[in-house]
Amino acid sequence: MIIDIVFFAIVTLTLTTAFMAVWLKNVFYNALSLIVCLFGVACLFIYLNSEFLAIIEVIVYIGAISIAIIFAIMLSQPMLQKNEPRNLQKMFRSLLIAGFLFAGILRTLRATQWPAVSVEGDYSMKAMGKAFLTTSLLPFEAVSLVLLVAIVGALFLSAGKSAK
Amino acid sequence: MDLTLLWTIQLAPLLAFLSIQLLPKSFKKIAPAIGVLGSLLAALAALKLFSLHLHQENLPQAFVYEWLKVAEPTAINPYQLVVGFLIDPLNLLMITLVTTISFFVQLFSVYYMNEDPSRPRYFGFLSFFSFSMTGLVLSSNLLQTFLFWELVGLTSYLLIGFWYSKPSAATAARKAFVINRLGDLGFYLGVILLFLYFGTLNFLDLKSEALQQTFSNPMLTLIGILVFMGVMGKSAQFPFHNWLPDAMEGPTPVSALIHSATMVAAGVFLLSRAFGLFSASKTTLLVILIIGSLTAFVGAALATIQRDIKKILAYSTISQLGLMVMGIGAGSSIAGMFHLSTHAYFKSLLFLTAGAFIHRYHTNDIWEIGQKGGKKDLLAVTFLVVGLFSLCGLPPFAGFFSKDMILETIKERSLFFYGVAILVSFLTVYYSFRMLFVILRSKIKHEEHGHHESGLLKICRALPLIGLAAISLYVGALGTPFTGHKILHWLGGQVSPLNVELLITTLVLIAAGAAIAFIQFRDPEKALARLEGADNPLKTTLERKFFIDDAYVFVVKKIGLGLAWVFNWFDRTVINTFMVNGTSYNILRLGRLVSKVQNGLLQDYMSLAIGAGVLIVFYILHYAKPGF
Amino acid sequence: MTPVLFSQSLQSYLLLSTAMFSIGVFGLLARRNLVAILISLELILNSASINFLAFNKFCMPDKVTGQVFVVFIIALAAAEVCIGLSLVLLLYRKKDSINIEEAKELKG
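Protein chains in written order, with the working numbering: chain C, 1 to 164; chain B, 1001 to 1628; chain Z, 2001 to 2108.
Simulated from the structure, these hints should not be mistaken for laboratory data. Note that the structure is predicted; figures quoted are calculated from it, not measured. Some hints here could point you the wrong way.
With a straight-line Cα cutoff of 25 Å, these simulated DSS-like cross-link-like pairs (lysine-lysine) come out [said to hold, decoys possible]:
#1 B/Lys1028 x B/Lys1048
#2 C/Lys90 x B/Lys1596
#3 C/Lys90 x Z/Lys2095
Stretch-level coverage of chain Z by chain B, calculated; a stretch enters the list once three of its residues show a Cβ under 8 Å from a Cβ in chain B [claimed, not checked]:
#4 2023-2030
#5 2070-2078
The C-beta atom is built at its ideal place from N, Cα and C for all residues, glycine as well.
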């Protein structure tokens, strides 16, 4: 029972902060809500038996990505700027689309018969490492290439006219 | 034998035309000789053919070839189109007439056109005309006749506009062709209707009884009137007569051949040919009679005020054609054909005589001809007198017998029209004697002798005149009691004893007309001065040719152009603006409207994409899994 | 819906991830600030990760596959944020604002 209440609490937290991350006007608040949301997501990862991933989530997402986002916010927008009023039409349209999307996906999911398998198994990091270097070797290498390209690209883009 | 002769008659002129056209430039000088030779061959062949069938054994004879089967033959008629020759008495008479007159005219043209640089073209076209005309006369069915009818019209255009650099000539040629075509429209519609319901166009099959069985009377009248429209156009009947005076712009021999003797006679010939068609409905005949009488009157009336010798003869032709048509309308195609034969000879004689005068004195005006010494040209004057006396109907010249027959026929039909015919005869006498007195009684002012002509040219000038005069006298004589009415028997008609009353009437008319003309014109100069000074409505009406030409112009301008204006407006406003421009304009607007979707805003694009995707997903889900 | 969220089950995780996904899409379409859009994008990616792990736990016999995939997702998200943020900088440099509605030159 305790687990269930906690579970419920964490889910609520995630969803609420997720909502806050998109709804609040001030973009800094959005970023901060995102951080809390990601933290909630990390807890959920623990519930899903992936402790390793939870830690990775915290380190990468919260520790790096969110910080980068905050850097970008700081560099690009004066904090004291008055926020523009919301465009109601746009909001309504997005709400509609998101709502239908939600309904559609949910209907599909509910109607499908998912195969039932036991939840016991080998979730260990050891198994994951083994998989990286045997079955998923190609994607592994490819992703490292992607990261390299992304870094170079970012440097290139932000260097502006003096790029060489 | 027959067939060979027929082909000779038909093809000799055509070959003459083709060889003239194909001659290299250095040989073009012999073109006149080729032309004369071609027409001589045709004339001889025609005479031979005529002599072969003198006693009318196995006539009518047809040589036909079926070239198109249109529908299944019915019990009555074959529903096929044929092409071929037909010879029967009517035909033989006409072909002899056409070929002999053609020959004389070709011969005269050697004299008349001896200084013209375009001689080869002239003789070529003249031969081509002979070809078309003989084709028309020898054809066995209406459609073939129509074909040659058109060809004859074309040749007439080419020859009227022979001196094409003269604007008046070009206009006259166009006018002739267009009015001819107007008539041909009716002709062709009539032919179509006839073939559609009757199934055959052969002259041998067009008998009144058979036609009356197939068609109702109104329909028959319609067809008759439509085909008669063709006759009106070709034979210059009122109101399609106004091209003939203008056609005098062509060389005089052309007027002699085409516009007095042969082409304009083609209409009357058709009336006789297809008489079964026209006589099948009494109304048609009445219409023909009315139009004929109108024509005769208008022609004679307008001839009385002309100064140009050719124009006098042109209006005279119109008037005589009207008389022939009246005769046919009154019920006797034989009277019409008889008068056609005599008229052909003496009218062409008159035209050639006029040509002799014109060529020597270089003027068309009768006053000038008189003043330049016309009366001293004995040859021309003699034949002028012969021709005019024939025209007036003075016995024993040819015109008397044929006109007599027509007058009798008309009198039997209706006294009113008889009165009109008598009036026309009177006017004919009046204008003939007018011409005669002006030429003969003018004081000679500036005498002109003809330049010295070579012997050949003299012969070419004289021989046709003599020949035509002789033949016209002979043909006239053939219809008299003294020769047993040969020509009438030939044509299959009935003979009536000489009508003394009519003889006396004619003589009285001639005397009266001559007397009045003498009183008015015994001093031509004074007469001219008086006429020019006069100013009254009669003069204006006559001078404006009864305002017919004005009427034509009015119709074309107001109605024709008016309609054209309406259609132009329709084309511009409705079609152009609404449909053509409108379509492009509206598509542009639509395009502009659609391009507003691309406003450059990323989120709008994304909304569109995701929204569409959601809709597609829903659609698939709805149809892929029933009961979802 | 609430009873579902109380207990751990495939349905609850799916519901959660769908909800988060929808929230992310909403933010994607509704925010004018470019950085806010990037944040919404992160939400979407994370919802996908949760989805993967949920299926991994409840439906896959081999418990490694899902986790490997989530690692890739995280790595790629990082790369994407990298580029995205440099684009933000560029836009700011050009237009002196990061309102996405100002970047509409490719219109018509």
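Now the hints, each set against the structure:
1. B/Lys1028 x B/Lys1048: 31 Å, violated
2. C/Lys90 x B/Lys1596: Status holds; Cα separation ~17 Å.
3. C/Lys90 x Z/Lys2095: 22 Å, holds
4. 2023-2030: holds (count 4)
5. 2070-2078: It is violated, with 0 qualifying residues against the three required.
Checked against the numbered hints given earlier, this structure breaks hints 1 and 5; the rest are met.
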